[in-house]
Amino acid sequence: SFLDKLRYLYTNMTVEPMLAWYIIGSVVASLATQNLNLEKACRVNLKMNDEVCSALERRDTANYTKEEAAVQQLVASMAIWKTLVQSAVPAMLILFFGSWSDRNGRRKPCMLLPITGEFLTSIGLILCTYFFYELPMEVAGITEAIFPAFTGGWMTMFMAVFSYMGDITSLETRTLRIGIVNVCSSISVPIGTAVSGVLYKQIGYYGVFSLSATIYVISFAYGYFKIPEERNNNSRSICGFLKDFFDVEHIKETLSVAFKEGANNRRMRVMLLMIVVMVVMGPLHG
212 SFLDKLRYLY TNMTVEPMLA WYIIGSVVAS LATQNLNLEK ACRVNLKMND EVCSALERRD
272 TANYTKEEAA VQQLVASMAI WKTLVQSAVP AMLILFFGSW SDRNGRRKPC MLLPITGEFL
332 TSIGLILCTY FFYELPMEVA GITEAIFPAF TGGWMTMFMA VFSYMGDITS LETRTLRIGI
392 VNVCSSISVP IGTAVSGVLY KQIGYYGVFS LSATIYVISF AYGYFKIPEE RNNNSRSICG
452 FLKDFFDVEH IKETLSVAFK EGANNRRMRV MLLMIVVMVV MGPLHG
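Position in the sequence shown counted from 1, then plus 211, gives you my numbering.
A few of these clues could be false.
[To be verified] Here are the simulated DSSO-like pairs of lysine-lysine, each with C-alpha atoms no more than 27 Å apart in a straight line: (1) Lys293 x Lys258; (2) Lys412 x Lys293; (3) Lys319 x Lys454; (4) Lys412 x Lys319; (5) Lys277 x Lys293; (6) Lys216 x Lys437; (7) Lys319 x Lys463; (8) Lys258 x Lys277; (9) Lys412 x Lys258.
Keep in mind the hints are simulated off the structure, nothing from the lab.
My request is simple: use the sequences and hints to build the entire structure.
What follows is the structure, encoded as structure tokens:
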């Protein structure tokens, strides 16, 4: 029955709540982060008066078209290098994360690390708000880019989540379970978007960033305590771990496996799939 299916989904739920909270926390803070950058560009970097900046904040730009253009241009220039950092660094690190995760059978650290990065970003943005006039827009941009980038960001999170689902599901249930994960991630974005504007108006920067940090704590706690994963007993020193983690030979092995020859033009299909992903996702984020 329908209730039996719901009961089955509930009892077999693993990564879905953690992923949903992670996405909601990120989306909830996105609008406040954009407004913080605009306000800092106007009030701190360009040192425009309160009347102009308040009008731009209200989107009352009829009499301030030049000022709006200057603010938007400054924010756009920051967005270029911020997007580059947020994309390029995780794209390189995910090769190391993925190789280490496969060799050791560890998925959970790759899920929890991006949550930690987003939490640190929320704390950093609270500090940027507190020291509003002391810290320029670029500091907020660096805070927004560095922590998620060097902890893997969304790339590493989704890599770990889908790898974990592949590990714990059978061939009969894998498609359904991965579909449920996709549904959870898809509905989390509109939920976060729907409440972000209301929350920003009602509780301001401090409230939104504090709420976002709290959501990340909930997501981290759920992932740490509720998602089961066996740990191996390979104890290494920190230097040994870092040497193994950043070993370039592992990356060569990963690439050779990904692009090795196979039946039915396997290599060509993999390359075409990568091109399709770039063509589809590039305009969305460009």
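Consistency of the hints with the structure:
For the given pair, Lys293 sits about 22 Å from Lys258 by alpha-carbon distance, which is consistent with the 27 Å threshold. The straight-line distance between the Cα atoms of Lys412 and Lys293 is roughly 26 Å, inside the 27 Å bound, and the hint therefore holds. Annotation: proposed proximity of Lys319 to Lys454 holds, straight-line Cα distance about 21 Å (limit 27 Å). Only pairs whose Cα atoms come within 27 Å are accepted, and Lys412 paired with Lys319 is rejected, the gap being roughly 36 Å.
The straight-line distance between the Cα atoms of Lys277 and Lys293 is roughly 24 Å, inside the 27 Å bound, and the hint therefore holds. Restraint check for Lys216 and Lys437: the C-alpha separation of about 21 Å stays at or below 27 Å, so the hint holds. Proximity of Lys319 to Lys463 is assessed by CA-CA distance (about 24 Å); at most 27 Å being required, the pair is judged to hold. Only pairs whose Cα atoms come within 27 Å are accepted, and Lys258 paired with Lys277 is accepted, the gap being roughly 14 Å.
Restraint check for Lys412 and Lys258: satisfied, since their Cα atoms lie roughly 24 Å apart, inside the 27 Å limit.
In this structure, the one hint that does not hold is number 4.
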